[in-house]
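There are 2 protein chains.
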Amino acid sequence: MIQPSGIILDLDGTVYRGDELIPGARRAIEWLREQALPLVFVTNALESCAEHAAKLARFGIPAERDDVVTAPLVLTRYLGRHMPGATLFTISDPPLVEQLGPSFRLSEDPNEIDAVVVSCDRTLDYRKLNVAFQALRRGARFFAVNADAVCPVPGGEIPDAGAVIGALEGSSNRKVDLVAGKPSPLMAEAALERLGRPASECLMVGDSLATDVMMGQRAGMTTALVLTGVTRQADLSEAPVQPDHVLESIAEVPRLLGG
Amino acid sequence: MIQPSGIILDLDGTVYRGDELIPGARRAIEWLREQALPLVFVTNALESCAEHAAKLARFGIPAERDDVVTAPLVLTRYLGRHMPGATLFTISDPPLVEQLGPSFRLSEDPNEIDAVVVSCDRTLDYRKLNVAFQALRRGARFFAVNADAVCPVPGGEIPDAGAVIGALEGSSNRKVDLVAGKPSPLMAEAALERLGRPASECLMVGDSLATDVMMGQRAGMTTALVLTGVTRQADLSEAPVQPDHVLESIAEVPRLLGG
Numbered sequence: 190m191i192q193p194s195g196i197i198l199d200l201d202g203t204v205y206r207g208d209e210l211i212p213g214a215r216r217a218i219e220w221l222r223e224q225a226l227p228l229v230f231v232t233n234a235l236e237s238c239a240e241h242a243a244k245l246a247r248f249g250i251p252a253e254r255d256d257v258v259t260a261p262l263v264l265t266r267y268l269g270r271h272m273p274g275a276t277l278f279t280i281s282d283p284p285l286v287e288q289l290g291p292s293f294r295l296s297e298d299p300n301e302i303d304a305v306v307v308s309c310d311r312t313l314d315y316r317k318l319n320v321a322f323q324a325l326r327r328g329a330r331f332f333a334v335n336a337d338a339v340c341p342v343p344g345g346e347i348p349d350a351g352a353v354i355g356a357l358e359g360s361s362n363r364k365v366d367l368v369a370g371k372p373s374p375l376m377a378e379a380a381l382e383r384l385g386r387p388a389s390e391c392l393m394v395g396d397s398l399a400t401d402v403m404m405g406q407r408a409g410m411t412t413a414l415v416l417t418g419v420t421r422q423a424d425l426s427e428a429p430v431q432p433d434h435v436l437e438s439i440a441e442v443p444r445l446l447g448g
Numbered sequence: 190m191i192q193p194s195g196i197i198l199d200l201d202g203t204v205y206r207g208d209e210l211i212p213g214a215r216r217a218i219e220w221l222r223e224q225a226l227p228l229v230f231v232t233n234a235l236e237s238c239a240e241h242a243a244k245l246a247r248f249g250i251p252a253e254r255d256d257v258v259t260a261p262l263v264l265t266r267y268l269g270r271h272m273p274g275a276t277l278f279t280i281s282d283p284p285l286v287e288q289l290g291p292s293f294r295l296s297e298d299p300n301e302i303d304a305v306v307v308s309c310d311r312t313l314d315y316r317k318l319n320v321a322f323q324a325l326r327r328g329a330r331f332f333a334v335n336a337d338a339v340c341p342v343p344g345g346e347i348p349d350a351g352a353v354i355g356a357l358e359g360s361s362n363r364k365v366d367l368v369a370g371k372p373s374p375l376m377a378e379a380a381l382e383r384l385g386r387p388a389s390e391c392l393m394v395g396d397s398l399a400t401d402v403m404m405g406q407r408a409g410m411t412t413a414l415v416l417t418g419v420t421r422q423a424d425l426s427e428a429p430v431q432p433d434h435v436l437e438s439i440a441e442v443p444r445l446l447g448g
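Those protein sequence lines, which keep their order, are chains A and B.
Adding 189 to a residue's 1-based position in the first sequence gives its number in this note's numbering.
Adding 189 to a residue's 1-based position in the second sequence gives its number in this note's numbering.
Calculated from the structure, these hints are not laboratory results.
Keep in mind that this is a model prediction, so the values were computed, not measured.
Glycine is no exception: its CB is placed at the ideal position from the N, C-alpha and C atoms.
There may be inaccurate statements among the hints.
As the list claims (entries may be wrong) - From the structure, some residues in chain B lie toward chain A, with a derived Cβ separation under 10 Å:
1. A243
2. D310
3. D314
4. Y315
5. Q323
6. G345
7. E346
8. A350
9. A352
10. G355
11. L357
12. N362
13. D366
14. R383
15. L384
From just these sequences and the hints, can you work out the full model?
Following this line, the structure appears as structure tokens:
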């Protein structure tokens with residue numbers, strides 16, 4: 190039994206998988222809220238905080254926009270603070286551009302691009318890669334919303350941001366300057382700020398060793414891995430990062446907390 | 190003064206640059222042939238040996254198909270020996286497919302692809318990357334014609350095979366199994382076989398530290414870097430690989446050999 194004072198929950202693979210709620214997730218979240226434990230959802234997915242909140246509500250889990258911290262939100266805040274008014278070039282599926290908002294200009298001219306921002310892009314092509322390559326060669330900053338190698342889809346997985354980052358690193362002789370999403374410390378900071386609790390008192394629950402558990406561990410949180418997403422029990426023996434707790438699913442979180 | 194018994198010459202950046210002959214190249218090659226020194230041209234470019242020979246002939250340098258060893262030739266021979274009749278999926282500019290010849294079947298079905306073969310592809314898109322990714326995930330071999338990061342074009346450089354390799358390595362959790370082109374030992378072996386001389390008696394002349402000089406040095410050849418291509422004198426001080434000789438251009442080769 191552990192007694193955290195704040196809870197960080199991953200979404201896809203933890204609360205739901207694609208369009209299906211994980212059995213017991215709704216009840217577990219209700220229980221956490223009954224204990225008056227501050228709770229925030231974190232995700233590397235590109236949709237906006239409001240869209241994620243709406244999706245949770247459709248599953249019967251009431252949520253506000255501010256209950257969700259997304260990788261695009263973290264990157265947009267970082268850019269707003271460190272490169273206000275910057276001219277960007279994005280290689281990404283559409284939801285990212287909508288969220289960069291009016292504070293940034295977009296350009297396809299390598300000479301005026303201040304930063305290249307990449308994520309998963311299912312319409313990736315050579316022309317976009319070459320625009321980003323030319324901008325990086327001229328000194329543009331290189332940011333990734335997330336660095337996930339693959340993205341789960343019904344029936345399997347497809348290449349995610351890792352493909353775009355690899356293509357640009359493999360040609361430009363540049364390394365990505367900053368990744369905003371999990372396991373980035375920026376993401377942990379944003380979540381902790383919402384909770385108003387120190388990392389050492391928080392529990393991070395997620396299905397990925399490389400993103401959820403890694404982020405929690407680096408930040409000094411207690412970590413719980415759930416086996417309802419990308420990680421199988423058998424994957425654990427050889428993993429370089431080990432969670433503090435392993436749960437069949439989020440449904441077991443109340444019991445972990447003595448409920 | 191050195192006395193090699195065989196000469197290996199890189200093409201682009203050494204004998205010509207794009208569509209312009211390097212001044213003195215024709216005379217230097219004539220001189221080498223007057224000394225009855227066996228000579229072979231090597232290149233990572235995708236065009237066929239016959240096309241390269243024809244290009245040399247247009248510059249007034251008589252050449253036969255067998256005077257040229259290309260990366261696609263080396264890879265095609267390797268595949269013919271180790272995976273005869275294999276089903277391939279290629280991500281590459283067009284000249285590669287023409288050279289794979291009738292001995293290989295091409296497929297876009299990840300379930301029947303035995304090997305993914307990549308090079309520079311200026312029509313790269315997400316669909317192709319995903320076909321290759323799915324094939325690699327199912328155990329297909331992973332071969333690269335070449336691994337050059339960039340390709341010189343008039344006015345600059347564009348992403349080469351390194352972008353495709355990076356995209357697949359960054360998403361599939363696989364590393365490329367074999368690179369055929371320079372600095373691969375396969376390329377050195379093919380060139381030495383043509384010359385019929387041991388590596389220790391051969392001189393490798395090229396403009397790239399990472400491909401030409403690296404290949405020659407690893408194989409035990411004497412190496413001469415020419416400054417008419419991708420390398421500047423200033424690049425040498427920090428380079429991890431150092432040539433035995435540095436020449437302004439191929440025009441100085443006869444003098445290096447006592448001519």
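Verify the interface restraint on E346 (chain B): the C-beta must sit less than 10 Å from at least one C-beta of chain A.
holds (8 Å)
Closer than 10 Å between Cβ atoms is the bar; does L384 (chain B) clear it against chain A? Give me holds or violated.
violated (33 Å)
Let me know if the C-beta of Q323 (chain B) comes in closer than 10 Å to any C-beta of chain A, holds or violated.
Hint holds; Q323 (chain B) Cβ to chain A Cβ min 8 Å, cut 10 Å.
The hint names G355 (chain B) as touching chain A; please verify it with the least Cβ-Cβ distance against 10 Å.
Cβ of G355 (chain B) sits 2 Å from chain A, so the hint holds.
Restraint check, 10 Å cut-off on beta carbons, for R383 (chain B) near chain A:
Violated, because the Cβ-Cβ distance from R383 (chain B) to chain A comes to roughly 31 Å (cut-off 10 Å).
Interface restraint verdict for D366 (chain B) against chain A (beta-carbon cut-off 10 Å)
violated (16 Å)
Mind checking the CB of A352 (chain B) against every CB in chain A and telling me if the closest is under 10 Å?
With Cβ-Cβ at 4 Å, under 10 Å, it holds.
Using Cβ atoms only, decide whether Y315 (chain B) comes closer than 10 Å to chain A, and label the hint accordingly.
This interface hint holds because 4 Å falls under the 10 Å limit.
Agreement of hint D314 (chain B) with chain A interface, Cβ distance less than 10 Å
holds (5 Å)
Does D310 (chain B) pass the interface hint, meaning its C-beta sits closer than 10 Å to a C-beta of chain A?
Given a least distance of 7 Å, the restraint on D310 (chain B) holds.
Does L357 (chain B) pass the interface hint, meaning its C-beta sits closer than 10 Å to a C-beta of chain A?
At 7 Å from the nearest chain A Cβ, L357 (chain B) passes the 10 Å test, so the hint holds.
Holds or violated: is the Cβ of A350 (chain B) closer than 10 Å to a Cβ in chain A?
holds (9 Å)
Violated hints, listed in ascending order, are 1, 13, 14 and 15; each of the other numbered hints is respected by the structure.
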